[in-house]
Amino acid sequence: MIPGPFNYHRPATVADAVKLLASLGDDARPLAGGHSLVPMMKLRLATPEHLVDLHGVEGLKGIRRDGNRIVIGAMTTQHELLASDEIARSAPILHEAALLIADPQVRYRGTIGGNVANGDPGNDMPALMMTLGASYRLEGSSGARDVAASEFYQGAYFTALEPGELLTSISIPAPAAGHGYAYEKLKRKVGDYATAAAAVVLTMASGKVATCTIGLTNLAETPLSAEDAARAVIGTGLDAATLKKAAAAAEAIMSPAADARGPVEYRKHVGGIMVTRALTRAFARASS
Amino acid sequence: MNDMTPTREQRTAVLEGMGCKRKRVEDIRFTQGKGTYVDDVKLPGMLHGDFVRSPHPHARVKSINSDEALKVPGVLAVITAETLKTVNLAWMPTLAGDVQMVLADGKVLFQNQEVAFVVATDRYAADDGINKVVVEYEPLPPLVDPFKAMDADAPMLREDLAGKTTGAHGPRKHHNHIFEWTVGDKDLTDAAFRKAEVTIKEMISYHRTHPSPLETCQCLCSFDKIKGELTIWGTFQAPHVIRTVVALIAKIPEQKIHVIAPDIGGGFGNKVGAYPGYICAAVASIVTGKPVKWVEDRIENLTSTSFARDYHMTAEIAATKEGKVTGLRVHVLADHGAFDACADPSKWPAGFFNIVTGSYDFPTAHLAVDGVYTNKAPGGVAYRCSFRVTEAAYCIERAMDILAQKLGMDPAELRLKNFIKPEQFPYHSALGWEYDSGDYATAMRKMMESVDYAGLRKQQAEKRAAFKRGETREIMGLGVSFFTEIVGAGPSKNCDILGIAMFDSCEIRMHPTGAGIARMGTKSQGQGHETTWAQIIATEIGIPADNIMVEEGNTDTAPYGLGTYGSRSTPVAGAAIAMAARKIRAKAQMIAAYKLEVHEDDLEWDIDGFRVKGLPEKTMSMKDICWAAYNSVPPGMEPGLEAVSYYDPPNMTYPFGAYICVMDIDVDTGVYKVRRFYALDDCGTRINPMIIEGQVHGGLTEAFAIAMGQEIRYDDEGNVVTGSFMDFFMPTAVEAPHWETDFTVTPSPHHPIGAKGVGESPNVGGVPAFSNAVNDAFSFLGSTHIQMPHDFWRNWRAAKELGVFV
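Protein sequence lines correspond, in order, to chains A and B.
Just so you know, we're using this note's numbering here: the first sequence kicks off at 1 and counts up by one.
Just so you know, we're using this note's numbering here: the second sequence kicks off at 1001 and counts up by one.
Treat the hints as calculated values from the structure; they're not laboratory data.
Among the hints, a few may not be true.
With a Cα cut of at most 25 Å, we get these calculated DSS-like pairs of lysine-lysine [unchecked claim]: (1) Lys1618(B) to Lys1583(B); (2) Lys244(A) to Lys1468(B); (3) Lys1071(B) to Lys42(A); (4) Lys208(A) to Lys245(A); (5) Lys1173(B) to Lys1186(B); (6) Lys1324(B) to Lys1468(B); (7) Lys1201(B) to Lys1468(B); (8) Lys1195(B) to Lys1324(B); (9) Lys1042(B) to Lys42(A); (10) Lys245(A) to Lys189(A); (11) Lys1201(B) to Lys1227(B); (12) Lys187(A) to Lys1227(B); (13) Lys187(A) to Lys1800(B); (14) Lys1800(B) to Lys245(A); (15) Lys189(A) to Lys1406(B); (16) Lys244(A) to Lys1800(B); (17) Lys42(A) to Lys189(A); (18) Lys42(A) to Lys1324(B); (19) Lys1173(B) to Lys1321(B); (20) Lys189(A) to Lys1417(B); (21) Lys1324(B) to Lys1186(B); (22) Lys1595(B) to Lys1583(B).
Residues from chain A shown here face chain B by an in silico Cβ test under 10 Å; the list is partial [claimed, not checked]: (23) Pro3; (24) Arg29; (25) Met40; (26) Leu45; (27) Ala46; (28) Glu49; (29) Arg188; (30) Lys189; (31) Gly191; (32) Ala257; (33) Arg261; (34) Ile273.
Quick caveat, the model's predicted, so the values are computed rather than measured.
C-beta: ideal position from N, C-alpha, C; glycine also.
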């Protein structure tokens, strides 16, 4: 539980950080909250030669409204997310989910950028970002580009980030006023990754579901968007048969690993239940 | 008397003696981060050692190459079994009569076994060195399942024992067999089963788990070449035993070994035995001439230093149709891992498992325990319980519930029907113990009334009906547990460790101003000895507890004692404290009589001093007597006021309790909620009710963890898969249920102050309460026994197997 030797860098600007990452290549890793990377380094499963600490970089923090979008700086901590009135008002599902991440100590250090950029299937925020239709600003030596969350995740710890690129901010289209939302997470204890979790954002019209997106956490190598399940509920009043159909559709795309949280069959089964519960709660919250 | 004269109540209160909820004095430093733990001790020039560990559960070690490691800056030495052989320390004795490799000698027998010890100038360099040691292994087939250990074709694990047909505890039946231990009358018990109207039989497993104290095992060894003295700071629950073991195996004269156990961050049995880290750090210090520190990390703690339990118990009860028990038969398959490193009294290979008749009047019983080797970490220790008592309590309490189910009787009623009655004490159990005192039915009835047991059963019946009608997916269970412990090891007639009788000791020295110091052979790891020991003395000699400094853990200054584990401190050392205090009081009485110019027999004790019978104004306080002890003792008497007591207890003590857990389980997810947990403990005389309550809270939280998910698990290939707190269930305040505590008081008749010990009761009684609650919840769906741990997915699996998903 003792990391190997590494060099430490603390750039002051995004440009410097990007330059460092580009010149140091594969041997360098950016350091945000460190809650994924540092434990891996202690186990020597990760052995970066260079750490580029982003805590000194200006302009990577903060939550702001940009027209119809909410923009969150990558180095914003989960704690700051929880403290934000803007988030509580515009995207309350993020507030609800952040409260289920680890514990207060971790949330003081853990950043939203690190959470979404690491590609860890156990992290909660990626599925939420897919559910909300968010996009990520990636900056590299050849400039900046925006990638949709739904296009970002390629495999466990594999993402669309190119070598030398840095995820600098997240942009979320503000969900419609009166939308219903819920994040249902089954975990064994405080601080645990989800055994299964489901995020739902929906809107209603005339007592029926008008739009719906469903995201799934830790039920495959990447976060999932349960599109068939979402389609199954649109236009319905969410009766029991529809819920069952949606859960089955969601289960059909799950491919969790068997681990100490339970065998595959159990994790899919409770994954379906999380979808059902999240839909039910979101439905009850939405105004018609 | 004027108004300023304190009342008797005030004089008593100021002492903060027995029965007082005195605040823990040690918490002043603990809560401010000012404790001194082993890792806080730093010596000039100190080096750090760390282990190369085996990735294989079973393999031959073909070669170890340290050349590259020695080139790492800061690495000074790499110690292997070959190095240790030069000082005859490649193997060490275990407390259970076995021997254990200190470093891999030709073979590794469990994953994460210690293979080489890298010594460096700092911990980073040591770990860099570890990664450069090249070990060539030839993997061998692993033996993981204890039920296959004695198969004809099972691989031989312990080649050092090849051909040995006798072990430390008698004949061995197989090359992986350690011992067979039998107790009780087999013929009589078999006859009871032949005649029985009703019998039950169930294989009840108590899975492998781990004490996992907050502070891991660690030590700092410093060898002084000039004086030839070895000083060891260590996380030791039994410092004197460690010193004696070191003297015996390292051949250093015992007076030249100084063992210091500073503040300890929890032990729970993990810190009783001796580990390879201690030997390697000591040898490294002798080799380098510098102090060497070894500190385990969490993964090493969970996967190499002693586990607990791993008992697979086949229990049978014979009974009448009316529910009167007539016989008990138990066979245990005990998985000890690669070496039998149980920390039991030497003659007890399965500890005090023969307490398995529990609180019930079994006319006859028979017990057989077979210990086997597997490719797992060695052990097992008593995790917050007296030796194998928690396994025994779980076995009988599950079996009684299973019998109740078969008879269609309420489990509480079945227990009430079979309790040992108050008039039967001292009670001689069918498996050889003499229970000191108990009033079981009173405790049970108090529990039942406190929680409205009948009302809860009614509610359960309604909920079950609603479940069957499809109106709810939640089921409700009531887990009744009535345990009797056996603690306070122990009487020299049946308890020793490596030949040393399991007495304990206390030394009290009163100083002229009425303050004193008391030292014991025990060692607190969080139990609050500095607080409670002073309270016993306060009541016995009338000096405020605040004026008594309690000191433990330094073998140079503390009297010899066997340490703290198995709830033995209060039954054994607590008695020694009272006896030493009474010697002080006896001498004080002579001094007071001399000063008051009366005969000793004319004095009577009164709270904080002596008074002349019939003349209540003529008094001498203990404080004044302390002063007089240093300047005006009676002619012929030695000055000073000091006493020592070594207490060999006449018997064990037998705390008991009635617990109940009310649990709801969502069958769809397996998620449980502990709605209510009520624990009534009878630990005899209560020294500090607040500390007792804290002990009960802590023990119940551990019991909750164990029953509901805490396990050390190996996969089929012998890889340990629960090496961190991500997967080894360590509940936080969020998960831990709310605890309701209660008590009755049935003093021990043979203990000087009637106290029985309490620290481990909640772990012993708690586990069956949780497990019985889960089993009770599912029983109406047709199940008889569901194995622990009862984590979410396993509850779901149980529901699924019982056909609740259609």
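Assess, step by step, whether the Cα of lysine 208(A) is no farther than 25 Å from the Cα of lysine 245(A), and give holds or violated.
Holds - the C-alpha atoms of lysine 245(A) and lysine 208(A) are around 16 Å apart, at most 25 Å.
For a C-alpha distance cap of 25 Å, please report whether lysine 1173(B) and lysine 1321(B) respect it.
It is violated: about 39 Å lies between the C-alpha atoms, which goes past 25 Å.
Given the hint that lysine 244(A) pairs with lysine 1800(B), does the C-alpha gap stay at or below 25 Å?
holds, 18 Å
Decide if the proposed pair is consistent with the structure: lysine 42(A) and lysine 189(A), CA atoms, cutoff 25 Å inclusive.
holds, 23 Å
Given the hint that lysine 189(A) pairs with lysine 1406(B), test it: the Cα-Cα distance must not exceed 25 Å.
Cα-Cα ~36 Å, so violated.
Go through the hint on arginine 29(A) and say holds or violated, using the shortest Cβ distance to chain B against 10 Å.
violated, 19 Å
Does arginine 261(A) meet its interface restraint, that is, does its C-beta lie within less than 10 Å of any C-beta in chain B?
Holds. Min distance 7 Å.
Can you confirm whether the C-alpha distance between lysine 1595(B) and lysine 1583(B) stays at or below 25 Å?
Holds, at about 19 Å.
Any CB of chain B closer than 10 Å to the CB of glutamate 49(A)?
violated, 14 Å
Quick one, are lysine 1201(B) and lysine 1227(B) close enough, alpha carbons at most 25 Å?
violated, 62 Å
Can the restraint linking lysine 1800(B) and lysine 245(A) be considered satisfied, given a maximum Cα separation of 25 Å?
holds, 21 Å
Would the pair lysine 187(A) and lysine 1227(B) pass a check requiring their Cα atoms to be no farther apart than 25 Å?
violated, 57 Å
Hint violations for this structure: numbers 6, 7, 10, 11, 12, 15, 18, 19, 20, 24, 25, 26, 27, 28, 32, all remaining hints satisfied.
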